[in-house]
Amino acid sequence: EVQLVESGGGLVQPGGSLRLSCAASGFTVSNNYMSWVRQAPGKGLEWVSMIYDGGNTYYADSVKGRFTISRHNSKNTMYLQMNSLGVEDTAEYFCAREGKFYHGMDVWGQGTTVTVSS
Amino acid sequence: IQMTQSPSSLSALVGDRVTITCRASQTIRNYLNWYQQKPGEAPKLLIYGASGLQGGVPSRYSGRGSGTDFTLTINSLQPEDFATYYCQQSYSTPRTFGQGTKLEIK
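As given, the protein sequences belong to chains D and A, one line each in that order.
Going by this note's numbering, the residue at position 117 of the first sequence is 117; the numbering climbs one at a time, nothing skipped.
Going by this note's numbering, the residue at position 59 of the second sequence is 59; the numbering climbs one at a time, nothing skipped.
Next up, chain A with everything else stripped away, as it sits in the complex:
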């Protein structure tokens, strides 16, 4: 299953709202997860099952979608949110990741 994210990069200001899109090449029901990765660090799970907020993740993060189309929205961007974001399907093996979206400060 191929995962396609858009955009590949995004510039935004602190306080902005941003949305990242992920599309699967076939249905993955709700088996879609979102990760945040900062340079030199391991990825961190933000959203599981398309819309479930992982423990300890701020509520400004939200996920939606099912089937093949999914979104990650970050409301009121904070300085610590500037990072790279990946979607990943866990519906079947091989597991697959999107190519990543780099969120940068404008």
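The shape of chain D in the complex, shown without the other chains:
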């Protein structure tokens, strides 16, 4: 079964760090474009970052310089290292696979909650 499972969310103080994981099954992370998307409470979807199959990485301006996307091929897992967290980063974080046709996000994880608060 094709599946993504996120983990690593939690409560962190402003200025702190957190690393999210996205474990894939049923397909190979390194053969696909993969993204992180977040959703603040009661708000819409916001794209955060992506990693291409070739390894190129891209970030939203709101997280550039603070977040780092990576993957571990042998673990078939993608990560999001989040540093210098602010209250504005409080959100549900989803990982998603982009499909081969027009890059629609066709597989999503269930989400992991990040709360930044003192």
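FYI, nobody ran anything at the bench for these hints, they're computed from the structure.
Keep in mind that a hint or two might mislead.
[What the hints assert, rightly or not] Keeping only pairs whose Cα atoms sit at most 25 Å apart, straight-line, the calculated SDA-like set for lysine to any residue is:
#1 A:44 <-> A:15
#2 D:100 <-> A:106
#3 D:43 <-> A:18
#4 A:44 <-> D:30
#5 A:102 <-> A:23
#6 A:106 <-> A:37
#7 D:43 <-> A:15
Here the structure of chain D is known, so what remains is to put chain A in place on it, guided by the hints.
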């Protein structure tokens, strides 16, 4: 690339036909996707490439458009269709979503 959806909310009856519009700030060719999200759930891909129906999605859903203007139409609304819908461009990075359209039961 900015994505603008309209309307932001919509009330309709079971059995109605509804159309949601999405406009891109520059051409995105056919790289436009539509998602459905229900409370507490991850988004679900409905339409890819402006008009391609994702596997398992009912045929009452359809998408049209190219360039900058796109529509999502739902024919004969069913109770399970009441949700929030998002458009998203995959033409370039950063990827961007519309602000969402909340479809509610009238």
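- Kindly indicate which numbered hints from before are broken by the structure, ordering the numbers from low to high. 2 and 7
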